[in-house]
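K.L.:
Chain by chain, the residues run as shown.
Number of protein chains: 2
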Amino acid sequence: MKRAVVLLSGGLDSATTLYVARHLGYAPQCLAFHYGQRHEREIGSARKVAARAGCSLEVLKIDLPWKGSALLDKEMKIPQRSRASGRQGRGRIPATYVPARNTIFLSFALSFAEAINCRDIFIGANALDYSGYPDCRPEYYKMFNQLSALATRVGVEREAIRIQTPLMTMRKSQIIKLGLRLGVPYELTWSCYRGGRVPCGACDSCRLRALGFAEAGAQDPLVTR
Amino acid sequence: MKRAVVLLSGGLDSATTLYVARHLGYAPQCLAFHYGQRHEREIGSARKVAARAGCSLEVLKIDLPWKGSALLDKEMKIPQRSRASGRQGRGRIPATYVPARNTIFLSFALSFAEAINCRDIFIGANALDYSGYPDCRPEYYKMFNQLSALATRVGVEREAIRIQTPLMTMRKSQIIKLGLRLGVPYELTWSCYRGGRVPCGACDSCRLRALGFAEAGAQDPLVTR
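Residue numbers (our numbering), protein chains in the order written: chain R, 1 to 225; chain B, 1001 to 1225.
Next up, chain R with everything else stripped away, as it sits in the complex (with noise of 0.2 Å):
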């Protein structure tokens, strides 16, 4: 089996990554991340998803001093009704966005995959129901597929290792259709940027979840608890 390293955060579309990247045959290995975000219960729910799923996750402690985002500062307000949230991410994009999460997160993850000799890297990025964020659209990911032909060892001597976003251009409504078919266990997910004992209900990844559960025409599992 072809070993695949996922981004795990803990969340509905990572989750579901996951098992969709271990549907193609690849043997997950998951990668979170604890960067001082305000939902950090979200590590707790990707250590119970690797598990439920029989894979392995590393989680890394990374340092953002300079903050600069509401999912990190306290000091910030999370908004409730961001105009950047829902279809297509129109308007401004919001305080939540953390400066270069994701290119971050994704060199961490081609080192690791460098390292252990495989070629592929999963993310649960998506560009119709989210948050407007730059390093989620599919231009983004298309160039830093180019920047990893240049950037290793792997990519200059033999094959590039490569960002697969097999949710990019999907609903959430479809995104969660696919993953209760491929038995997702949504129930140990979470979504919610408060980090509450229960979601707050009211932030944008509260709202796009349960927008998404609403049309796929099910129960979202995590809220009935």
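Hints are supplied without guarantee of correctness; some may be wrong.
Covered stretches of chain B, as calculated for chain R (at least 3 residues, CB under 8 Å) [claimed, not checked]:
#1 1101-1108
#2 1141-1155
The calculated lysine-lysine pairs, modelled on DSS-like cross-linking and capped at a C-alpha distance of 27 Å, are [said to hold, decoys possible]:
#3 177(R) / 48(R)
#4 2(R) / 142(R)
#5 1061(B) / 61(R)
#6 74(R) / 1048(B)
#7 1002(B) / 1048(B)
#8 142(R) / 1142(B)
#9 77(R) / 61(R)
#10 2(R) / 48(R)
#11 1061(B) / 1077(B)
#12 61(R) / 74(R)
#13 1048(B) / 67(R)
#14 61(R) / 1074(B)
#15 61(R) / 1067(B)
#16 177(R) / 2(R)
#17 1142(B) / 1002(B)
#18 67(R) / 1061(B)
#19 2(R) / 1002(B)
#20 1061(B) / 1048(B)
#21 48(R) / 61(R)
#22 1074(B) / 1061(B)
#23 48(R) / 1048(B)
#24 1002(B) / 67(R)
#25 1177(B) / 1048(B)
Worth flagging that the hints you see were computed from the coordinates, not collected in a lab.
Note that CB positions come from ideal geometry on N, CA and C, so glycine has one too.
Fit chain B to the supplied structure of chain R, relying on the hints for placement.
P.N.:
The following block gives chain B in isolation, referenced to the frame of chain R:
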């Protein structure tokens, strides 16, 4: 004064780059990484160089548990006469290559630059008298700059953060001559991969440094100590 993020390793090239950025009128904000490198003492050099230049320094600790490099893994041997080292990095990429290291460093620099609202990042990459690392070549930086335009909020909404590589096409001797003119305190820098009490004189990094000083007709102040 415009601020710039300067990646400072504590070595000769990055110290020179810091002084070049300062000479160009930037107020440098230095960034160094503690990433499990054997020659951890370069961090001490980075602190001294930044202090001498009167600049702030942020030191981040990052974890690369997968290693995959002789610079990180004490079970691996640091090559003494890598075929790759020397002018134009001919031949194979040596065992001291750290998977995706510069991509990781640059992604943190991008995050830092965006958070402090600065548009320029300086790195002392050089593709002439170098070890043949893929992420030291001009094509890699050209691509990273294209990625930068897509990766960040500031890149999308206003202007991309730019990676500047002033030493890229210089010979080591030219770097040293320039640095001596700008007052770079080379006695505070550290290049040796082995990170002992004194430079080993045999690793790629020591050899390139010695060649540079010899060709510049200058005495390395570190060696006389």
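K.L.:
Output the indices of the hints that this structure fails to meet, ascending.
P.N.:
Violated: hints 6, 19 and 23.
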